[in-house]
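*Asks:* The lines below spell out each chain.
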Amino acid sequence: MSALRSRRHREWGLAYLLLAPALLIFAVFTFYPFLRNFKLALYQNPPYPGLPSHYVGLHQVGSVLASTSFHQSLVSTLLYVVMVVPVGLIGGLLLAVAAHKAIRGMAWFRLVFSSTVVTSVAVAAVVFGTLMDPVVGLLPWLGVNPHPAILENPTWALPAVSLIAVWQFLGLSFVIMTAGLQSLPDEVLEAARLDGAGGWTMFWRVTVPLLSPTLFFGLVVGTIYAFQSFGQIDILIGPQNSQFTHTDVLLYSVYQALSIQDNPGVAAVLSIVLFAILLVFTLAQLRFLERRVTYAGD
Amino acid sequence: MARVNFEGVSKAFDGVLAVDDLHLDVHDGELLVLLGPSGCGKTTALRMVAGLEDPTAGTVSIGDVVVNDVEPKDRDVAMVFQSYALYPHMTLRRNIEFPLRQQRVPAPERARRVEEAAGTLGLLDLLDRKPGQLSGGQRQRVALARAIVRDPQVFLMDEPLSNLDATLRIQTRADIVSLQRRLGTTTIYVTHDQVEAMTMGHRIAVMRDGRLQQVAAPQDLYERPANTFVASFLGSPGMNLVPASAEHGAIIIEGTRIGLPDGTPTVAGPVTVGVRPEAATLAPEGIPASVLLVEQLGAETHVICALADGSRVVVRQEHRAVRPDLGESVAIRVDPLQLHLFDTDTGARLELGR
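Protein sequence lines, in the order shown, are assigned to chains A and B.
Under this note's numbering, the first residue of the first sequence carries the number 1, and numbering increases by one thereafter.
Under this note's numbering, the first residue of the second sequence carries the number 1001, and numbering increases by one thereafter.
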């Protein structure tokens, strides 16, 4: 009995020993900053750097949430997400359906379609920045020349940066949709073919409903991805034109508050809002997927 | 209803022949069982009738129409899959009426036909449920209902009972047979289970390694197998096959001469002799053997014996018969009227001459 107990103790000890490196890294780089963030939100920074910040309780949270710039940022973020996610999902689905055929050389297309997921956001931003350049870009070559230039244009700048996010998300979306399609039961699709379903009916009445858990998973992943966009905005718009606020999505506002305005308190409040939004999405996903598990088997 | 005809049909996957030069005529209204071990090409043959696989060579026809280039949906065949292949997101009603919707059958007629099919299979109370809420047996009945609601020319069934437990399998087997006999729809039924084949088919086509071995009515197949493969595949346990030598009017197994009253072998020398377990008995005199194993099945007992050359012979006894002990030396008597002779090299059946 006691031998058994001591063995169990030893096993627990070993388990924690093996977990220790990961726990340490999480503690330093995730848990501590996460908790520290809540504290930061309660302290207001003085208007001049170098002076000590002082405790203001929830006052700062209230003022940030009531500010026009926060509202604008929230609207920009939602617009951005609405532009990126559906287009990325549908695009990925269409590419996956197109590539889900046993045709010679299709593996190469799959590689190409999924490649955007491993492309660095900086590279993507520079490439798209060049294409959108008002002098040497693709658009002037096509005869399209908005004024002000597309990346300085209050109407078009947000769609332009969202296009880059769509392009990048397309690869991930394609991979998710392809995995989903491959997991569909062949016999159900064959039954539908024999039952007389044409391509259109097949897609809408059989494939898409069977794929709905995958679509929802893609929706959540895509939403989280879109909320976390930062790179292309910073590279294409940020430093050159910090007065331009039309592309200030939430994460970028966090960065601006922290790095440009040197105001950790405001940045902390904004990042908590971002965290809360993403938490709600993730919980919604878990709830939804739980209800749908009956789909998986039979 | 229609006949189905395979004319020299072959199918290769990556150069490997799954079906090799199949000639087979499925009669109008019959239930033909395609029987064979896994990988013998029976499912591939079925899928070529459905249009889910294209033949590499030869022609498949339904009725008098060559369907090689006809789309699956235009072949007027209904298929029942092993996995049932129901639409999980639709209610049973929607599942069963799905093919009718594709044919743009008007709603009132659709409803009538769905109720009729569901009634036939005892599913009327379940029409508003989804497949996930049903048992395996119920799901298989939904798959059958979805097939019969179309009133197709041909039913194709791919091991439809394999996922059911033993009791349900026997019951559903009987349901399918009575349904098929009543509707009279030409049916091709794929299985690896010889009991299913024997009990369900008007005729059985036995396949092995992509090649058709024999087509015959179940009893004919059992009584006159065309080769050693068919002989040993049918029956539970299958036919015993032992080496022997043939001479005029008799065969000799392990030094025991067995005179043949109804004919004489047309060859002399080594042959393979087939003996059904029920055609062999333990007797005071006969072929010497020793007992390896005794299996009691309730109504009957299988005594598994080894001859001196190592070949095994199963003897089927009534349960009341005296059971020998393991390792005991026994003698096996075979009924000379129930012997089968096969060519030792090719395995082909040898008929007796006068």
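The set of hints was computed from the structure by calculation and includes no laboratory data.
Note that CB positions come from ideal geometry on N, CA and C, so glycine has one too.
Incorrect hints may have been included.
Unchecked claim - Residues from chain A that keep clear of chain B, each with C-beta distances beyond 10 Å, as calculated:
#1 His9
#2 Tyr48
#3 Leu58
#4 Gly62
#5 Gly91
#6 Leu111
#7 Gly196
#8 Ala197
#9 Gly198
#10 Val206
#11 Leu258
To be verified - Cβ-Cβ distance ranges computed for the label pairs, FRET-style:
#12 A:Leu18 x B:Asp1125: 24 to 34 Å
#13 B:Gly1132 x A:Trp200: 22 to 32 Å
#14 B:Asp1125 x A:Leu189: 55 to 65 Å
#15 A:Pro146 x B:Arg1129: 53 to 63 Å
#16 A:Trp200 x B:His1202: 52 to 62 Å
#17 A:Arg5 x B:Ile1170: 46 to 56 Å
#18 A:Leu111 x B:Arg1129: 53 to 63 Å
#19 B:Gly1132 x A:Leu189: 54 to 64 Å
*Asks:* Against each hint, give a clear statement of whether it holds in the structure.
*Replies:* Hint check results:
Non-interface status of histidine 9 of chain A relative to chain B is upheld: no Cβ of that chain comes within 10 Å, the nearest being about 45 Å off. With a least beta-carbon separation of about 62 Å from chain B, tyrosine 48 of chain A lies farther than 10 Å from that chain, consistent with its non-interface assignment. For leucine 58 of chain A, the condition that its CB be more than 10 Å from all CB atoms of chain B holds, with the nearest at approximately 47 Å. Non-interface call for glycine 62 of chain A relative to chain B: holds, since the shortest CB-CB distance, roughly 46 Å, exceeds 10 Å.
No beta-carbon of chain B comes within 10 Å of the beta-carbon of glycine 91 of chain A; the shortest separation is about 24 Å. With a cut of 10 Å on Cβ distances, leucine 111 of chain A stays outside the contact zone with chain B, its closest approach being about 23 Å. Glycine 196 of chain A, annotated as away from the interface, has a beta carbon of chain B within 10 Å; the closest lies near 3 Å. Listed as a non-interface residue, alanine 197 of chain A fails to keep its Cβ farther than 10 Å from every Cβ of chain B; the least gap is roughly 6 Å.
A cut-off of 10 Å between C-beta atoms contradicts the statement that glycine 198 of chain A is not in contact with chain B; the least separation is 7 Å. Look at valine 206 of chain A: its CB is around 6 Å from the nearest CB on chain B, not clear of 10 Å, so calling it non-interface is violated. For leucine 258 of chain A, the shortest C-beta to C-beta distance to chain B comes to about 47 Å, beyond the 10 Å cut-off, and the non-interface label holds. For the pair leucine 18 of chain A and aspartate 1125 of chain B, the supplied restraint of 24 to 34 Å is violated, since their beta-carbon distance comes to about 56 Å.
For the pair glycine 1132 of chain B and tryptophan 200 of chain A, the supplied restraint of 22 to 32 Å holds, since their beta-carbon distance comes to about 26 Å. Separated by about 29 Å at the C-beta atoms, aspartate 1125 of chain B and leucine 189 of chain A break the suggested range of 55 to 65 Å. The hint said 53 to 63 Å for the Cβ distance between proline 146 of chain A and arginine 1129 of chain B, and at roughly 57 Å that hint holds. Between tryptophan 200 of chain A and histidine 1202 of chain B, the C-beta spacing of about 40 Å breaks the proposed range 52 to 62 Å.
For arginine 5 of chain A paired with isoleucine 1170 of chain B, a C-beta distance near 53 Å keeps the hint of 46 to 56 Å intact. For the hinted restraint 53 to 63 Å between leucine 111 of chain A and arginine 1129 of chain B, the CB-CB distance of approximately 44 Å leaves it violated. Range check, glycine 1132 of chain B to leucine 189 of chain A: about 18 Å between beta-carbon atoms, so the 54 to 64 Å window is missed.
Of the numbered hints listed earlier, those contradicted by the structure are 7, 8, 9, 10, 12, 14, 16, 18 and 19.
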